[in-house]
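Given the sequences, and given the hints that come with them, work out the whole structure.
Take the sequence shown: its position 113, counting from 1, is numbered 117 in our numbering, and each next residue is one higher.
What the hints contain is simulated information worked out from the structure, not anything from laboratory work.
Treat the hints loosely; a few may be bogus.
[Claimed, not checked] Now the in silico label distances, taken between C-beta atoms and shown as ranges:
#1 S19 - C56: 28 to 34 Å
#2 L7 - H97: 31 to 37 Å
#3 T99 - L7: 32 to 38 Å
#4 V13 - D52: 20 to 26 Å
#5 C77 - L7: 31 to 37 Å
#6 S87 - P22: 16 to 22 Å
#7 E95 - A54: 17 to 23 Å
Using N, Cα and C, we set each Cβ at its ideal position, and we do this for glycine too.
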Amino acid sequence: RSLQIAGLVERLKQSRGPFVLTGDLNAPPEAPEMGTLLAAELFRMCGDGAACTHRYMRQRIDYVFADPGWTTCAYQVIRSGPSDHWPVMVELHRTLNGVDRPPIPARPHPLAPSPRGEGERDPSSPSPLGEGWGEVDPV
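So, in structure tokens, the structure goes:
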């Protein structure tokens, strides 16, 4: 992992444009490789560093990072779905050349909690998993 992180840092240092980095890094925030990644000071972690993104390990191992031109407007771990990793949804706002750009409104994730209750989706909407998958068992 350390070699992969070093390669990623070098690649991002060469980036000329704005970027957002997302991924399942399989490492909690206190892991040494995460320290190396964050010490590069190329971006910041979006959202709550202590948020749990893995349903069984009860740790954050899935991330969204953004370069300093981005501001996190909203962050949510959607505790629903068929995977052992919960989706992470982030709404970002970008400032370019000192000019604020309005945030692009986030579309609700099909498995996001609704007013009906935690993890329930609108029964009139098609299953996000495709036909025949039925309902998702929320955790």
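Range first: 16 to 22 Å. Now tell me if the beta carbons of S87 and P22 are that far apart. violated (28 Å)
Take a look at whether the Cβ-Cβ distance between V13 and D52 falls inside 20 to 26 Å. Since V13 and D52 have Cβ atoms about 23 Å apart, the given range 20 to 26 Å holds.
Can you tell me whether the CB distance of T99 to L7 sits inside 32 to 38 Å? holds (34 Å)
Verdict for E95, A54 (Cβ pair) under range 17 to 23 Å: 20 Å Cβ-Cβ, so the 17 to 23 Å window holds.
Regarding L7 and H97, is the given constraint of 31 to 37 Å on their beta-carbon distance met? About 34 Å separates the Cβ atoms of L7 and H97, which means 31 to 37 Å holds.
Tell me if the beta carbons of C77 and L7 are separated by a distance inside 31 to 37 Å. holds (34 Å)
Using the Cβ atoms, figure out if S19 sits within 28 to 34 Å of C56. holds (30 Å)
When each numbered hint is compared with the structure, a violation occurs for hint 6 only.
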